[in-house]
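If you read the protein sequences in the order shown, they are chains A and B.
Here my numbering is used: the first residue of the first sequence is 156, the next is one more, and so on.
Here my numbering is used: the first residue of the second sequence is 31, the next is one more, and so on.
Worth flagging that the hints you see were computed from the coordinates, not collected in a lab.
There could be a bad hint or two in this list.
Per the computed footprint, the stretches of chain A lying under chain B, defined by three or more beta-carbons under 8 Å from a beta-carbon of chain B, are [as the list claims (entries may be wrong)]: (1) 167-180; (2) 185-193; (3) 217-228.
Even glycine gets a Cβ: it sits at the ideal position worked out from N, Cα and C.
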Amino acid sequence: MKNDVIIAGFGGQGVLLAGKLLAWAGMLGGKFVTWFPSYGAEMRGGTANCTVIISDEEIGSPVVDSPGALIAMNEASAVRFSGNVGRGGVIILNSSLVKEDIKKPGRRIYKIPANEIAGEIGNPRVVNMVMLGAYLKVSGAASIGQITRALEESLPSRNRHLLNANVSALGKGYSQVG
Amino acid sequence: MSVKTVLLKGNEALAEGSVQAGCRFFFGYPITPQNEIPEYMSRRMPEVGGVFLQSESELAAINMVFGASACGARAMTSSSSPGISLKQEGISFLAGAQLPAVIVNVQRGGPGLGNISASQADYFQAVKGGGHGDYHMLVYAPASVQEAYDLAIKAFEKADEYRNPVMILADGVLGQMMEPVKLKTPKLRKFEKPWALTGCEGREPNVVKSLFMGDGELERMNYVLHKKYQRMKRAETMAEEFMLDDAELVVAAYGIAARIAKSAVREMRNAGKKVGLIRPVTLFPFPEKAYQGAALFAKKFLTIEMNLGQMVEDVRLAVNGKRPVEFYGRPGGGVPTPGELYKVMMKHYPKGLKKS
């Protein structure tokens, strides 16, 4: 079993963190994992992306030609990466920001109004967790429990109070997918 | 005692491995894509009673390493390609003075300032002696974050054992990627350093230098170094062999290129093609015997690098004309994908070769 996903969006949307938590959760599940970011010239408002692979077998390349899934947090990422997703793959769009009608035959497309959902939770910064929750449901790559544990282990103590909002966002995203 | 597993970047694993190896002096100057090493060290060194110093330049950093090492300490510096070029004089001096040190190069695209993407274009510089004089470093090329941790520890041990600078030749992808790492606590050897500058009260003064002006003195010195390199060749050569049994096409690649190639080798095997991989873990000494051995059964070799042809020369020297050695490379920060390498392997897969 192998799950590979590109998570992409604006710098500042928590793209790299969502990927890191996913990889961490995979590690807690005893899997082989890799996380590889776009790096260097990234900044808030620019673009950022990372590739996460979770696998039962040793992982060769941390770079993939054609990922099984894309989590696109903004329109630019949806346009740039949706063509890379392989046949039978999954595209999860943040429909709050992706207005273009992305159509890819042979790929399942899920539209999640993640900004609105994060707003309902009362923390606009948990958009990434809403999207990640949806991906967990679609892929089964890790469980909400594993992500929660990854959050507990990785959150610096000054951010512990954000745990509940993040877990709640994961759950809302998860339940968005029927 | 259970071993803790954590998720780390390659750069962080190199840094933590160095701390575990007893490195207590880090000197460096920032450059992408290795900045997580000094960042990590700036936090860790004070925790373990060590020194973290961001120097005014790369030249200062390597010469601070020289100073700390001359005093018997475990010291390191890290940089990326253009910064490593600046350190070459210091590396030559370390080799000439027989001082242990660990130098990490997280390679980026070149020449010049190049770019910040991953590259393997510094192979010649690392392996053939980037500074002046007839010297070598022991050169390790990790291909996973775990191996980065393990080889960082080994690098310090070997640097002391051989009294020689050791380079860890990584690249931007390995430095930036995260993987789980088992933080094994190493059993470190104890090295006496009677040559170190520790204050000469009650003994003859030690002199640490790379200047040998006496008649024949430098020639003798070079033979001392040479014997050391011969010893390294006998004792330190490391390579990983992957799916090599019955391989007709043998891929030669190191570091991140080897990892990407591994994915393609698996795909080739799934397609019924007999392809294997020999991944040098030490670039100096080069695992020539592994390639010589494979030349007995393989029909063809294919070297894959993120440059336009450097290690391929050593593969050709090892194979020594017995089999064709093809090459595929991506220069200037280009990182191949597994699909791309699959096509390259298909293209070079030996077909219709008559049995000799």
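Here is how each hint holds up against the structure:
no. : hint    : result
1   : 167-180 : holds (count 3)
2   : 185-193 : holds (count 6)
3   : 217-228 : holds (count 5)
No hint from the list above goes unmet by this structure.
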